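*Asks:* The numbering used here puts the last residue of the sequence shown at 161; the count rises by one with no breaks.
Quick caveat, the hints were computed from the structure, so don't treat them as lab data.
One thing to keep in mind: the hints can contain errors.
Pairwise CB distance ranges (calculated) [said to hold, decoys possible]:
id, residue 1, residue 2, range
1, 155, 10, 31 to 39 Å
2, 70, 110, 33 to 41 Å
3, 129, 100, 15 to 23 Å
4, 98, 22, 15 to 23 Å
5, 32, 83, 39 to 47 Å
6, 154, 74, 17 to 25 Å
7, 26, 110, 20 to 28 Å
8, 149, 114, 13 to 21 Å
9, 83, 110, 20 to 28 Å
10, 28, 134, 36 to 44 Å
11, 131, 37, 30 to 38 Å
The structure displayed is predicted, hence computed values, not measured ones.
All C-beta atoms in this analysis are idealised placements derived from N, C-alpha and C, irrespective of residue type, glycine included.
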Amino acid sequence: LLATLDSKEVIIVMEAERDRQAMHLHDDARSRAGIRIAHVGDDPLAALPLLAHLRRKQGVVAMKIDRTAPGMRCRPVRFFGEPWRIPEGIFTLAATSGAPILPVFTRRLGFLEYEFVTAPPLSISRRPSDAELDEAAQRLATLLEQFARANPHQWFRFDEI
1 LLATLDSKEV IIVMEAERDR QAMHLHDDAR SRAGIRIAHV GDDPLAALPL LAHLRRKQGV
61 VAMKIDRTAP GMRCRPVRFF GEPWRIPEGI FTLAATSGAP ILPVFTRRLG FLEYEFVTAP
121 PLSISRRPSD AELDEAAQRL ATLLEQFARA NPHQWFRFDE I
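Model the full assembly from the supplied sequences, consistent with the hints where possible.
*Replies:* Put into structure tokens, the structure is as follows:
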């Protein structure tokens with residue numbers, strides 16, 4: 001699966017920044033590097049281009065699992081033994097498109113040097129039960145926790161979790 005990523009167009013899903021001018025500056029820099037950004041927010045139809053990207057172009061959509069905006073639909077999980085939440089959109093998009101979820105974690109090795117750590121893909125059925133969604137969400141939380149425990153200086157949050 002990773003071997004085919006070079007030939008795929010990747011869209012990174014991000015929450016819109018509060019400072020619109022800074023957001024456009026960052027987006028322009030990313031665009032010049034060939035990185036496409038899709039900003040999420042309150043519009044439930046904003047995911048439709050992502051779905052089309054996965055279905056028709058068989059592209060890649062990258063989404064963070066450790067950031068949730070206020071009001072975002074989430075799945076409850078345990079993380080470091082505490083209640084936590086993972087965005088539900090990841091699972092909805094996978095179920096609707098049929099695309100697998102490929103957990104990828106990045107570790108910084110040095111100046112402009114990174115290592116990508118992957119886990120086996122997770123498949124979500126087209127009509128997943130709550131139990132299936134909860135199991136997939138917990139699997140992702142467990143993978144992130146394992147990565148953070150093994151690499152404690154590689155993951156940070158500036159807000160409370």
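*Asks:* All the hints need checking, so say for each whether the structure fits it.
*Replies:* Now the hints, each set against the structure:
About 21 Å separates the C-beta atoms of residue 155 and residue 10, a value inconsistent with the hinted range of 31 to 39 Å. Judged by the Cβ atoms, the range 33 to 41 Å given for residue 70 and residue 110 holds: they are separated by roughly 36 Å. For the pair residue 129 and residue 100, the beta carbons lie near 18 Å from each other, so the given range of 15 to 23 Å is met. At roughly 36 Å, the beta carbons of residue 98 and residue 22 sit outside the given window of 15 to 23 Å.
For residue 32 and residue 83, the Cβ-Cβ distance of about 41 Å falls inside the hinted range of 39 to 47 Å, so the restraint holds. In this structure, residue 154 and residue 74 meet the distance hint of 17 to 25 Å, their C-beta atoms being roughly 23 Å apart. A C-beta distance of roughly 23 Å is found between residue 26 and residue 110, which places it inside the suggested range of 20 to 28 Å. Between residue 149 and residue 114 the Cβ separation comes to about 19 Å, which falls inside the hinted range of 13 to 21 Å.
Residue 83 and residue 110 have their C-beta atoms about 36 Å apart, which leaves the hinted 20 to 28 Å range violated. The hinted range of 36 to 44 Å is satisfied by residue 28 and residue 134, whose Cβ atoms lie roughly 39 Å apart. For the pair residue 131 and residue 37, the supplied restraint of 30 to 38 Å holds, since their beta-carbon distance comes to about 34 Å.
In summary, the numbered hints that this structure violates are 1, 4, 9.
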